Structure formats: C-alpha cells, structure tokens
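Use the sequences and the hints to build the structure in full.
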Amino acid sequence: MAIKKLILDLDMGVDDAMALAYAIASPEVELVGITTCFGNVRVDQSARNCLAVLDLLGRPEVPVYLGADRPLQATEPYTPPASTALIHGKNGIGGASVPASPYEPVGATSADGNAAVDYLIDAART
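Going by our numbering, the residue at position 118 of the sequence shown is 118; the numbering climbs one at a time, nothing skipped.
Please keep in mind that the hints were generated in silico from the structure rather than gathered at the bench.
Be aware that a few hints might be false.
Per label pair, the in silico range of CB-to-CB distance [claimed, not checked]: (1) Leu6 - Thr79: 34 to 44 angstroms; (2) Ala100 - Asp122: 20 to 30 angstroms; (3) Glu61 - Tyr22: 11 to 21 angstroms; (4) Gly94 - Ile24: 15 to 25 angstroms; (5) Leu6 - Tyr78: 41 to 51 angstroms; (6) Asp122 - Ser97: 17 to 27 angstroms; (7) Glu104 - Val32: 17 to 27 angstroms.
In this text the structure is predicted, and so the values were computed from the model without any measurement.
Note that CB positions come from ideal geometry on N, CA and C, so glycine has one too.
The following block contains the structure:
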C-alpha cells in the first residue's frame, strides 16, 4: 500500500491534538505539513500548540504554517468565546502543561497571514 501525503489544517483544540498524534503514529500517511487557523483558540496559540505537541511527539521537523487570524470580512483578530475554554481549556489543549517549542511557525513574522494559503497552493501544484 502506498503511503499518502497528508497536510492537516488545525485550530489545535483537544480534538486536533488527538488527530495530530494519530497522524504521526499512522504508518499509512506521511505528515508533510500543518496549517493553523483560529477556532478553538486564536491562530497564534494554535500554532504554538502544534509546535509544542510536535516536539513532544518527536516530530519537530514537520513545518507549521501560520494561517489567517480572522474571518475574511472581519476587521479584528478572532477571539474564541469564553465557553470554548470549558471544553478545550484556556490554552486549547485541555490546560495541559506542555513545554514550549523552540521553533517558530512559518510566516510568524508576516503581517498578511498568508503563509498557510501560500503553502497549500504550492503543495497542490507539486
């Protein structure tokens, strides 16, 4: 059976941390990248969570691409409703204390939030 390349798009709540662990453990897929988005947490927290979990699972080389910090029509960055913390904890991963990763997401210094979009376009072309 051929190994399938996989890109995950995560807002890195508890459910996404489980999906990431499953993808890393699966012999059927090659995790080639992660794009982050807002949802359960803000996009910057989502990226930090992805990097920390990747580091914890021994896969820090998987690139994490920063996505947009707001919906297309919004003028301010997205902030999740307070009720989200009841499910996913304040940090999005159940309040688990996970050491911070020494790595940065791709596009962390970009103001336009297009690193994830650019990555997906490039990946689709290859």
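Right, here's what the structure says about each hint:
no. : hint                                : verdict
1   : Leu6 - Thr79: 34 to 44 angstroms    : violated, 30 angstroms
2   : Ala100 - Asp122: 20 to 30 angstroms : holds, 28 angstroms
3   : Glu61 - Tyr22: 11 to 21 angstroms   : holds, 18 angstroms
4   : Gly94 - Ile24: 15 to 25 angstroms   : holds, 18 angstroms
5   : Leu6 - Tyr78: 41 to 51 angstroms    : violated, 25 angstroms
6   : Asp122 - Ser97: 17 to 27 angstroms  : violated, 35 angstroms
7   : Glu104 - Val32: 17 to 27 angstroms  : holds, 18 angstroms
The structure shown violates the earlier hints numbered 1, 5 and 6.
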